[in-house]
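Student: Here is how the chains run, residue by residue.
2 protein chains.
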Amino acid sequence: MRRHTPAAALAGGVEGPDQLRYFTEVVLDAAADGACERGGPLPQGGPEAVAARVREVWPNALPEHGTGAVEALRTLVGAVARGAADPADPHCVAHLHCPPLAVAAAADLAAAALNPSMDSWDQAPAATVVEQDVTAALAGLVYPRAARPDALVTSGGTESNLVALLLARERARAAGAASLQVVCGANAHHSVHRAAWTLGLPAPVTVGCAGGRMDPAALERTLAGYGRATPVLVVATAGTTDQGAIDPLPELVDVAARHGAELHVDAAYGGMLLFSEAHARRLSGLDAAVSVTLDLHKLGWQPVAAGVLAVADADVLERLALTTDYLNADDDTEAGLPDLLGRSIRTTRRPDVLKIAVTLRALGRTGVGELVDRCVDGAEEFAQQVDQHPRLRLHPGGVGISTVLFRPVAADELAGREGDACVADVRRKLLADGRAVLGRARAQDEDGDDRLWLKATLLNPQTTPADLAALLKLVADTAAAPHTTQYSVGDDR
Amino acid sequence: MRRHTPAAALAGGVEGPDQLRYFTEVVLDAAADGACERGGPLPQGGPEAVAARVREVWPNALPEHGTGAVEALRTLVGAVARGAADPADPHCVAHLHCPPLAVAAAADLAAAALNPSMDSWDQAPAATVVEQDVTAALAGLVYPRAARPDALVTSGGTESNLVALLLARERARAAGAASLQVVCGANAHHSVHRAAWTLGLPAPVTVGCAGGRMDPAALERTLAGYGRATPVLVVATAGTTDQGAIDPLPELVDVAARHGAELHVDAAYGGMLLFSEAHARRLSGLDAAVSVTLDLHKLGWQPVAAGVLAVADADVLERLALTTDYLNADDDTEAGLPDLLGRSIRTTRRPDVLKIAVTLRALGRTGVGELVDRCVDGAEEFAQQVDQHPRLRLHPGGVGISTVLFRPVAADELAGREGDACVADVRRKLLADGRAVLGRARAQDEDGDDRLWLKATLLNPQTTPADLAALLKLVADTAAAPHTTQYSVGDDR
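Protein chains in written order, with this note's numbering: chain A, 1 to 493; chain B, 1001 to 1493.
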């Protein structure tokens, strides 16, 4: 272990790993110390206090002269660890923000150190093979009966949805249509709307939901309004961000097919249920979609980024093909050098597939499936505890994959808007105190009234029933004390 | 160090770093062993041989049962290291594919383990501050005289260019124009054309070049063809991929201003010259651009991804603003929680800024500038060696930033197309033998004839003159032996 490695030492080559050894020790020590000092799921005091603590040790982002590698790593990794919202803490449950597996984070270190770039074979000879085989395996899992399924690695669900819409737009153009109409549920992720905007498509038409799931009858009425001359892409969701709801895929498949519309499924959250023996059947109908968004940095326990777009037929990806002499000249391709450029809308690309490949080998399909099951079971346990709690109320929709919506009874006792403000305040109070990171979601209650709910997204397979009980006690106690949390609004974004 | 950490252990929390300790040891050992076994800049035998070796140890990407974390890390990291094209090897000089700094790779391990996601404050409290201050510092470097410069972190030059065009499209729309016309040099990166296609814009109009640089007179003629009613975005390049050429920015700024056109500069390669005392002046005029693409995974020595888009005025980023209740509800923003969603076209986002922040602190501006200078000097040394070599010919354009084009004299002695085939064959032969990774580029020779050249992009600050001499000997000797390298074309992509 070299304690005097220069700041400009390289990570690669024969020497690089040895140069890295002491630096990674420094990083791991700083991360452990930071977590201890934080002492909870997130730092105390809210945005201004966190910013002040970071800038106290790091006043200048671009100093004229350096402090050396070890000092810089200690200072910045320490500051970021002390000021992290740590998804490995059982009380950090706001978002589809998973605690990564140690094995995946370790594999990702190799990606950084070796730095293969996935845009040409001569930057990533072996990583090319790993990506090819992992994407083939994941595509086969989504489309077990397809002759030529395929998949791309993306930066996440947002990019997967963008590429799905881009491919659909190009199919529509190739068929001579002027444009493409996207139709999605009112429950669809904002990235579907954003993708249409980015691509210059008309705004998606939104179809009503029942219980947070797209209503097939409403889709039927919408599609009946389009003639066969207008190509339509229906975007369904398997695991909504707000409720973990899975659209009724078999019914939607039928409706879309009847109207000659294509179907894309955003399964960024729910897609990993395919790994679970117990729950894979909830995705029945998925393989009728022309494309499917997956995301292994949600249920999948990968460090960001680990997105996937699976397609039923490899041919649909040909619309991404692109030739540029420096990366995939025709004579190189003819001589047998693989052409990777059509595998992404990015050019330079980190081998995010390496950590996925290592995880799949380390745990196997059953091991990953067990982690999925533990999160689903944890959410069921949590919902039960909420339901039995005298001061908390469970959302009538129950558990969605591993998501639970609930409200303090105290909020129900207030008028609609004030009740919602109470819910939002409880969340902000817990954030300000550094005691819990809960999410929020709007959803209808039993009476069809739109209400704000606290949201727990359980992605930590190590969470115990006792952790969950402690979280509920925190929420109930916080709701019992009146407060309004106003972080000062300074010049921080 | 825990040798019996379970495969499902988490990277975060107080315990995570300790779980990671042994795994990172395994990774670093496998990377070092792999580099030794490879014994050169890339593996021998070409694509089929590399694929066969990977699949020999890793026959199934999705096994039913796992092998455990240590075995999986050893197997896959070992295979990828043995089969890497290693930019830390001085004979790996094909692309803008840099050898990352050990300090940056180590910092990136913390990003993976802590897994902050940059789409909301409650997923990344401290990392938010780091991103804010580093982007402000980089924006200030690009725009030293601007009142409110700003910058976004992107996945690379391709995304930076896409967002630049998207923002310009939205400005044009807001001004009531039907569309936006992009005008770029014939030397522009393919991502400019691809961005226009993605965004549904008309294909960019291409302006001729002289010596690989956009010709201001040709731009003048092109812009004269558009009335003021057609918004035009001129995209100039500061560091072309093929030649490292920097467009004549001051002249282009004048021409664009005269015609009321906006200017974006793709400085993915050249932008880091700003860190160099000796070479920053080459970018004179840069700060007249409305937006500038930078890329710290090129000259910048960051593991992928480390892209940046700087803008002269923070207001132009407002067109990316987006509100979605679960990430940045109005009442949360009013209460002082920072709104991060408008800082990217992605949603979930890794804190790529952490490794950049650590590098800037460790090396300081002068330390980074010295690395830039070493690469520029290395390229000058290489060009001189080529020029003095009896069997090699330097491209008449000389060095572009750190890029050198050259050809075996043997290729010049053949007819045009055969000469080009000879150049391509030399490159493929060196790849197949695992002895050197050289790039290729088409460029005009003294007589204005379009020719294929070997390309060396020198991004390794540790390369010595002796390394370069050895590389030239390899090329000259390979060119002296006739050969045609045909990799078998199987079902590998």
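Keep in mind the hints are simulated off the structure, nothing from the lab. Hints may contain errors.
To be verified - Examples of chain B residues toward chain A, derived with CB under 7 Å:
hint, residue
1, Thr1024
2, Ala1035
3, Leu1062
4, Ala1085
5, Leu1114
6, Ser1155
7, His1190
8, Ala1357
9, Ala1441
10, Lys1473
11, Gln1486
Said to hold, decoys possible - Calculated Cβ distances over 10 Å to all of chain B for the following chain A residues:
hint, residue
12, Thr5
13, Ser117
14, Ala174
Claimed, not checked - Between beta-carbon pairs, the in silico distance windows are:
hint, chain 1, residue 1, chain 2, residue 2, range
15, B, Gly1225, A, Ala321, 53 to 61 Å
16, B, Ser1284, A, Ala321, 34 to 42 Å
17, B, Arg1442, A, His65, 27 to 35 Å
18, B, Glu1056, A, Asp331, 40 to 48 Å
19, B, Glu1064, A, Pro465, 27 to 35 Å
20, A, Arg391, B, Pro1006, 49 to 57 Å
Cβ coordinates follow ideal geometry from the N, Cα and C atoms, glycine included.
Student: Give a verdict on every hint.
Tutor: Hints, one by one, checked against the model:
At a threshold of 7 Å, the smallest CB-CB gap from threonine 1024 of chain B to chain A is about 5 Å, leaving the interface hint in force. With 7 Å as the threshold, the beta carbon of alanine 1035 of chain B comes within range of chain A, its nearest partner Cβ sitting at about 5 Å, so the hint holds. The beta carbon of leucine 1062 of chain B comes within 4 Å of a beta carbon in chain A, closer than 7 Å, and the hint placing it at the interface holds. Hint status for alanine 1085 of chain B: holds, given a least beta-carbon distance of 5 Å to chain A, under 7 Å.
Interface hint at leucine 1114 of chain B: satisfied, since its Cβ lies 5 Å from the closest Cβ of chain A, which is below the 7 Å cut-off. Annotation: serine 1155 of chain B was flagged as interfacial toward chain A, and the flag holds, the nearest CB pair being 6 Å apart, inside 7 Å. About 5 Å separates the beta-carbon of histidine 1190 of chain B from the nearest beta-carbon of chain A, less than 7 Å, and the hint is met. Given the 7 Å rule on beta carbons, the hint for alanine 1357 of chain B holds: about 5 Å separates it from the nearest Cβ of chain A.
Given hint, alanine 1441 of chain B at the interface with chain A, holds; its Cβ is 6 Å from that chain's nearest Cβ, closer than 7 Å. Given hint, lysine 1473 of chain B at the interface with chain A, is violated; its Cβ is 21 Å from that chain's nearest Cβ, farther than 7 Å. With a cut of 7 Å, the hint placing glutamine 1486 of chain B at the interface with chain A holds, because the nearest CB-to-CB distance is about 6 Å. Here threonine 5 of chain A does not stay apart from chain B, with its beta-carbon only about 7 Å from theirs, under the 10 Å limit.
With 10 Å as the threshold on Cβ separation, the claim that serine 117 of chain A sits away from chain B is violated: the shortest Cβ distance comes to roughly 5 Å. With a minimum CB-CB distance of about 13 Å to chain B, alanine 174 of chain A clears the 10 Å threshold, and the non-interface call stands. Look at glycine 1225 of chain B against alanine 321 of chain A: about 31 Å separates their beta carbons, and that is not inside 53 to 61 Å. Here the CB-CB span from serine 1284 of chain B to alanine 321 of chain A is close to 39 Å, well matched to the stated 34 to 42 Å.
Checking the proposed 27 to 35 Å range against arginine 1442 of chain B and histidine 65 of chain A shows it is violated: the Cβ atoms sit about 42 Å from each other. The supplied range of 40 to 48 Å is broken by glutamate 1056 of chain B and aspartate 331 of chain A, whose beta-carbon atoms lie about 30 Å from each other. At roughly 30 Å, the beta-carbon separation of glutamate 1064 of chain B and proline 465 of chain A lies within the given 27 to 35 Å, and the hint holds. Against the hinted window of 49 to 57 Å, the Cβ-Cβ separation of arginine 391 of chain A and proline 1006 of chain B comes to about 37 Å, which falls outside the hint.
Taken one by one, the earlier hints fail for this structure at numbers 10, 12, 13, 15, 17, 18, 20, listed in ascending order.
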